[in-house]
Amino acid sequence: MSDTINIEINGIPVEVRTGAMVIEAADEAGITIPRFCYHKKLSVAANCRMCLIEVEKAPKPVPACATPVTDGMKVFTKSPLALDAQQSVMEFLLINHPLDCPICDQGGECDLQDIAIGFGKDASRYNESKRVVRNKNLGSLISTDMTRCIHCTRCVRFGQEVAGIMELGAPGRGEFTEIGTYMERAVSSELSGNVIDLCPVGALTSKPYRYTGRPWENESHAHVSPHDCLGSNLQIETRRHQVMRVLPRENEAINEMWLSDRDRFSYTALQHEERLQQPLIKQGSEWRQVDWETALAYAIDGLQRVRKVDGAEKLAALISPSSTIEEMYLLQKLMRGVGSANIDHRLRQSDFSDDDGQPLFPALGCSVAELEDRDAVLLIGSNIRKDQPIAGHRLRKASRRGAHIMCVNPVDYAFNFPVDENIVVHPELMARELASIAKALLTLTANAAPAGLNVLLENVESGDAHLTIARHLQTASNASVLIGTQAMSHPQLSTLRALALAISELAGASLGYLTEGANAAGAWIAGAVPHRRHAGEHSPLTGLHTREMLNTGMSAYLLLNVEPEQDCANPAAAVRAVHEADFVVSLTPYITDDMRAYADVLLPVATFAETSGTYVNAEGKWQSFAASASTADDIKPAWKVLRVMGNLLDVGGFDYLTSEDVRDELKGQFETLTPTLKYQWQCPAVMPTKVSKDLTRIGHLGMYSIDMVVRRSAPLQATADAQIETAIVHSVTAKQQGLVAGDTVRVSQGGESVTISIAVADAVPENCVFLPMGVGGAVLGDAYGSIELAKV
Amino acid sequence: MSLLQQRQASKTHLLNAESRQDIDRWVAKYPADRKSSAVMAALRIAQEQNAGYLSNDLIEAVAEYLEMEAIAAYEVATFYSMYDRDPVGRHKISVCTNISCMLCGSDDVVAHLEKRLGIKLGETSDDGRFTLKEVECLGACVEAPMFEVAKTYHGNLTPDKIDKILDELD
Ligand code: SF4
Ligand code: FES
Ligand code: FES
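Same order as they appear, the protein sequences are chains A and B.
Sequential numbering of the first sequence, starting at 625, is according to our numbering.
Sequential numbering of the second sequence, starting at 8, is according to our numbering.
Hints are computed from structural coordinates only; laboratory data are not their basis.
Each hint can be trusted.
Mimicking DSS-like on lysine-lysine, the simulated pairs with C-alpha atoms at most 27 Å apart in a straight line are:
#, chain 1, residue 1, chain 2, residue 2
1, A, Lys-665, B, Lys-42
2, A, Lys-1317, A, Lys-1415
3, B, Lys-18, A, Lys-1359
4, A, Lys-754, B, Lys-127
5, B, Lys-42, A, Lys-1021
6, A, Lys-1317, A, Lys-1359
A few chain B positions that, by computed beta-carbon distances, are all more than 12 Å from chain A:
#, residue
7, Lys-122
8, Glu-130
9, Asp-177
Facing chain B, a subset of chain A residues (Cβ under 7 Å, in silico):
#, residue
10, Pro-795
11, Arg-797
12, Tyr-806
Here a beta-carbon is modelled for each residue, glycine too, at the ideal position from N, C-alpha and C.
Next comes chain B alone, as it looks inside the complex (with noise of 0.2 Å):
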């Protein structure tokens, strides 16, 4: 460790083990001098263990176990609409507004889902049971709109069906 990198404290013991060996497991992947290859992975496993968003410690905890500078792992966590950077509620719907989604009601899809969770887009409920996203295009244009909600894609979404998801939800 040289004199100046020493003297900012190390963040990598915020990564617990499990996080630890599921980021080596992707950096082993790549060529040994690009362990920064593994950013988005890295970072997916961070945010994870941290109930679903990233600190900015977490975040230069990241870039330092991938030997990179922190802004270039803030970069791609300010980037990519996956990445959280506010704590987020229990369920955290990703409601899909680009361009196929919007032109089959995405509109109706996010009015509705705000008048009956009673928060607005980017916002968690006061109880922490739902967090609202607007996010791009998420691959699933065929049953658009549609909406991510955990790692699950609902499409063809109706206000009847979106209710009927949000019941099943605690």
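With the rest of the complex left out, here is chain A (with noise of 0.2 Å):
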């Protein structure tokens, strides 16, 4: 059988895939039947009829999105046959949606309104009373008007399909079919937001953006997410220049047709209170608005005299990874060029002594679509499912093919794929899983152990579990060992990464990262390290990493979207640190009062949707965009202030005119070095294998704690994810501290505490405290240090 057979849609020849539904061929020929529940990628449904059309030899118009294509088919899509059922469906459809477009938020992009003024009769004939429906509570991004929905399931199908969680249904039945979650809950799918560009009516809209504009009234502007390692496509709408939602731009390469709902929802956040609007400096303990000229002047003062009066090699800088790729490599140019390496963008992370290993930047290993081909995934500390929602739903649709998802997770997260080998232990032992899986693979396999390795892995034992993730790794034809963000704060990362390796070229699977940020890949390309300069060239400068720096006491900071008290791995060393320092600038789009007290000079900056840049994403695609809103006048982009910086700090070559000429230079030193530093094998000096008696914090990292801006998004903060207020607590270890659940506890880190409830769940291992970073605005130390748990 060939693959393509040979059809006539309304005369005109057209070749398609076997197997094909008549309405794929046409869409690919580009002629348009209408329809409401078809949709690309999800399951046929059929039940709207909109698609009906006219085959020859067939007695009734037959639905196109659910006919099979046969050769020699003759298909009419505008015969009087069919033009007489789609206006019949048509007038069905009408009887029960309400006549109230001007009031309705789809209006202008409602599928119901084109298809019926394409396909429709031009007056009713109905004069019964209509239905009516009762709105649903979704929660905070999804606003009904229930009435007006057509029953196409689509978004039904959405949840059970893409989603991978049913949470809205159709109960009822026929006129009495109501579609809503059960019993009301408000639906907790990180991908939720999708069902509002999937409703072909105004039934699902965007809460945030309800009423307050027309899409004609907005302009379009090709952008990329700022808030994972994926980069997913987005397309942000502008009225007057200010951001008014933020939609999906098709790229089936990485985002699809999807978005996260922190992608979609996050530009809530532009318009926060605590957006900083002027340049600030402090003097004294008093706090000036200034113009931007003496605000810099002040800056560059402070840190020249640092640099006099310490050395520079006290002048530290911390930059958030999701940081444009141009402000990054401006940043450590300037460092660099008063003479100091300390730059960093690896807030979270404790562990660096494999530094000098690392490849030229943490790569994914695989490309983005390639995720959904592969056989066997082990997930070494990642909740990529809500971390990075998009290669999670690529990974559920590995799943679905048969893939096999294995998990070595400090705590057992909810997936939306069902996970093969799920290995849940205490962050201390996730070490020597790995090595158990490691001398798994030992046995299976003829490859070359790295050297060390077996004598490293001689007193470990394997049991069922690893060698079921072994034998999995080992026989896929597309496998991948992949190291996730919950992994990046492990006091052992260097253990587990030296592990994941080996397993991965001991099973002959690709090794990848999912970091943390946009553009973590793109930080290590510009040199936001201590150790490398851009495109990985040694430096012969080298400086301190996040850890050192804060712990070392540093006498300056320059940050760049950072809050300390938020974004590092131990929050309360960093702010001990920002707090003795001498001099602090800060550029920031947001103000609070933890930064009125530690810094010097406060600097507004542009917000991703406000700045041109670049993000590499984790496959190391380059995606530059340009602004799409604009800012108040003193609010600037990031590149330009530091390229301002630069030029008064004499540091030479900073006469950038744009950015893409920062982005050029770079890439152009990167082409030409082509560099091809992999990750090098370092063998572990011993294998850590015993668990302290005290217990241990995982520091989990929420979905909607990462970065400044998703932090202040009203929106997302109240959605189920956010919403984790307790520390969780093993059953047997709440038996062993005499706890019950709801009982307040206070938990101390190093001095800091915080008063908090308890929850009790055996998801968490025992001896563990799971308090995510940041709940009940906790300043407190390590995400994975010993942790005091007090009754009160």
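Grab the two chains, each in its own frame, and use the hints to assemble them into the complex.
Structural data, given as structure tokens:
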């Protein structure tokens, strides 16, 4: 049987894939067939009947979305029979649909409106009463007007098929069918916003955008997501240069046509009341609003003073991993220009001992799209579904194809795909579990073990789970070992990475990282690390990494898009460090009381939407964008601020006119250097096995606390994922500590403490306290440090 | 049990041992990863266990037992008229008003029942004896008009016949 067959649509010959539906053939040929329930990414429901067409020799009109093509088929989409059928269906659909387009948010981008005009009758013959359906509260992101629902079930199928959790359903029957969630629970999927795009009518619309604008008033700009290492493509819509909403831009290679809720709704933080509007300087203990010239002069003056008095090596720079590559490049150029290599973007990392063996940049090991052809995946310290929702979706697709997904995690995370082997252990035992998997692989494979591994694993034993994982990884044709975001703060990260490398090499799998922020790859390429210059070049001047900077105490800090109390692996140490420093310059879009307390200069900079720049995603793809929105005059894109600072500091080579100039300079060097740095095996000196007696904190990083912008998005903060307000312990640990669920405890870490209530769940290993970063406003110690509990 | 799932208390204990055994027999008829195929039988069993109606808790218990989302079980429970989600009387009279029965006089049947029992369609008598329910075609059109009491069909109904049937019920 050949792969394609020939059919004819409206007399036009069309060659089409065998097994395709008529509607797909028509879409490919550019012939419009009206539809509501059919969607190319969802299963065929064929319940709306809008796509009725005539097929030669068929006695009745047939639905194009559910009629497979056959060789020689003759299709008519505009014959009298087809048109009559379409008009009749339209008439039925409109029976119960309100005529409320003037007050409907979907107006102007409504499939029903468009199709009614194109395929309906011009007058209504219906005089009877219409159905009214009560609206449902689905949470802070999706607004409902259920009377408008035409029961296409796209939203229901999306939940079942794509989001992997069926939250919306269609209870009731016939006229009494109403779309809703069970007992009106808020939807909790991290991809839920996509139903807004899918809903062909105005039944499901965006809650934050509700009643704020009309689509034809908006300008649309191509942009890139600033919140995870996938770099999902965005379409930012603005009106009078202000962001009105964010929609997905279709890109099959990355986000297909989906967006995570985080990417879709984070724009709601752009007009947050904490937005810093003007440069501020602190003189004595007074904050003064000044113009940029004064502020910059003051900042440069302070930095020069520290440089002169304490030496350049006392200057430090911390930059958010979601900054653009231009910002990263300029900041490191500026720092190195004044003689300091103390620059880092790895704010949440605790273990830096394998820095020299790192590849050019932490990459995914395959393309984003290839994630879905994986046959076996081992996740290490990853809550991929929430950390990188779009990557999670690809893995879910792989899983539906039969891939084996396996984990070694410090928490039993709720995934939306089945996990074949789910190893959940005390964080300190994660390395041992990986070692056991490596050991199992040694018995299975002929691949040479990296030097020293055999000795290291001498006393390691492996059980059934390890053997199963090893076997799946080894027999898969496409296997990946992925180190997740939750592992980044792990105190034994280097050991975990080394063992992950050993596993991947022994199994013939690719090794990848799911890094935090949007641009960790870009940061490495730009040289925003203390030991390497841009493009992976060896740095003659080696600086301190984040932890050393914060622990040794620097005299001056330059911060870009960083809130130390929220963004660091050890917030308490970070806060202490910036408070003790002589001079702190913060380039920030927002201002907080904490900043007022520790900073000396606050420079208002643009957020992702308001600046041009480039993100390099985890597969190494450079994606540049122009500014989509503009800001008040006194808020500047950070790259411009850095350019001026570079000039004021007389560093030289800061005469860029545009951000493209900055990017091209870096890219040019990157390409001529064609760096080939690979991750280098460094055999861990010892096998960490012992578990400390103390309680250990699991400082989980919640999906809605990752960066300054997301933390200020009110609709996102109101979702279930942002609502963890308790510490969680295992039932055995609770018993040992004499605690029951609901008790209030004081948790302390290195002198800092917070009072919080306790929940009990065995998803957390024994002897651990699950306490996400920043919960309850806590500024505590290390994400995975020891922690004390006391009942109050 | 993962982090999120564990936060909702389990409800499967609401299904008694007998019901579970019964449900297991249905589950066994389907592939292991398609437990939810047994949902219709499971809901019926749960309903029988609970004096003829399904509470939300029971629907959730069935969903959890069959490893499906509550909303999916709820869809089924709200779709079929054989499931009741409010307490019912000792005798549930399900009157067919679909096309054949309607043509053969189901309106009169309903009128007679409503008059004699003093309740309207969809209501339960104060003494808890009768629930009157309107249902779709029960596949007994040959003897339309008809109704079903408990699990027994009664066809070719006339007022007299209806009275006789009712008189025999406790
Ligand atoms: S709410 Fe929208 S997407 Fe869902 S069934 Fe109704 S019309 Fe379709
Ligand atoms: S699009 Fe074909 S039936 Fe709805
Ligand atoms: S119509 Fe009443 S039994 Fe069929």
